[in-house]
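Please build the complex by placing chain A on the supplied structure of chain L, with the hints as guidance.
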Amino acid sequence: MNIKVLFFASCRDLIGTGERKMTLPDGATVMDLISELASEQTRFIDMAPSLMVSVNQAYVERDSELQEGDEVAFIPPVSGG
Amino acid sequence: MAGDVYKIQDNEIKPDALYDAVLADSDGAVTTFAGVVRDNTKGRGTSYLVYDAYRDMAEKKMREIGDEVKEKWEIDCVGILHRVGRLEIGEISVLIAISSPHRKASLEACHYAIDRLKQTVPIWKKEVWTDGGEAWIEGDPSALAAR
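Each protein sequence line maps, in turn, to chains L and A.
If you count the first sequence from 1, position 3 lands on 3 in our numbering, and the numbers rise without skipping.
If you count the second sequence from 1, position 126 lands on 1126 in our numbering, and the numbers rise without skipping.
Everything labelled a hint here was simulated from the structure, so no lab data went into it.
A portion of the hints provided could be inaccurate.
Claimed, not checked - With a Cα cut of at most 25 Å, we get these calculated PhoX-like pairs of lysine-lysine:
{"no.": "1", "chain 1": "A", "residue 1": "Lys1070", "chain 2": "A", "residue 2": "Lys1060"}
{"no.": "2", "chain 1": "A", "residue 1": "Lys1118", "chain 2": "A", "residue 2": "Lys1042"}
{"no.": "3", "chain 1": "L", "residue 1": "Lys4", "chain 2": "A", "residue 2": "Lys1060"}
{"no.": "4", "chain 1": "A", "residue 1": "Lys1104", "chain 2": "A", "residue 2": "Lys1042"}
{"no.": "5", "chain 1": "L", "residue 1": "Lys21", "chain 2": "A", "residue 2": "Lys1060"}
{"no.": "6", "chain 1": "A", "residue 1": "Lys1072", "chain 2": "A", "residue 2": "Lys1042"}
{"no.": "7", "chain 1": "A", "residue 1": "Lys1072", "chain 2": "A", "residue 2": "Lys1126"}
{"no.": "8", "chain 1": "A", "residue 1": "Lys1072", "chain 2": "L", "residue 2": "Lys4"}
{"no.": "9", "chain 1": "A", "residue 1": "Lys1070", "chain 2": "A", "residue 2": "Lys1126"}
So here's chain L without its partners, still in its complex pose (with noise of 0.2 Å):
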């Protein structure tokens, strides 16, 4: 399945772009995404504990499985306001 997956403040930082295209296979979760990730920059492992997910802009657990077309998001702690 292909997906978009954005990153944001210090994550967009670790990972060099704010967007990317992926393909993962079919049945993914979250994590797997992480695992998929933290193989190319492998910083990425030390930050992911504290990053939100965010999948079609709903936060969701690790174990959620991906669909084709998701836009999923990292989203460090935020600090608005």
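Only chain A this time, still in chain L's reference frame:
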């Protein structure tokens, strides 16, 4: 005609427009809160701030906050604006205006709304200090457990 407003914007926040947007003839109170850029963080001089947002989701989460306060208090309209990009000292980063028939509801709702915004809305602040350093500021990770 008063209405709700939830917006991430690049340009300067002007308080009067939001005040006018939420106020109807049946209201007896409007409470506004403005967050502004301070010139230091714990004594370290701030040069300017840069805000980043996941725009579509941020506006959606701000609307959810508006829906929450309307469930908890007798509220007429809710307006929440947050600016992104580079902000100078003294400029408004966030503005909330809440109208209600009676003052207590809008006072309490406004306090609740800014606290919730800082917990759930995907917006980030980068501090650029006068000593040349800069860093993305991270909020309390446990706050999102209350999303």
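List, from low to high, the hint numbers that the structure doesn't satisfy.
-> 4, 6, 7, 8 and 9
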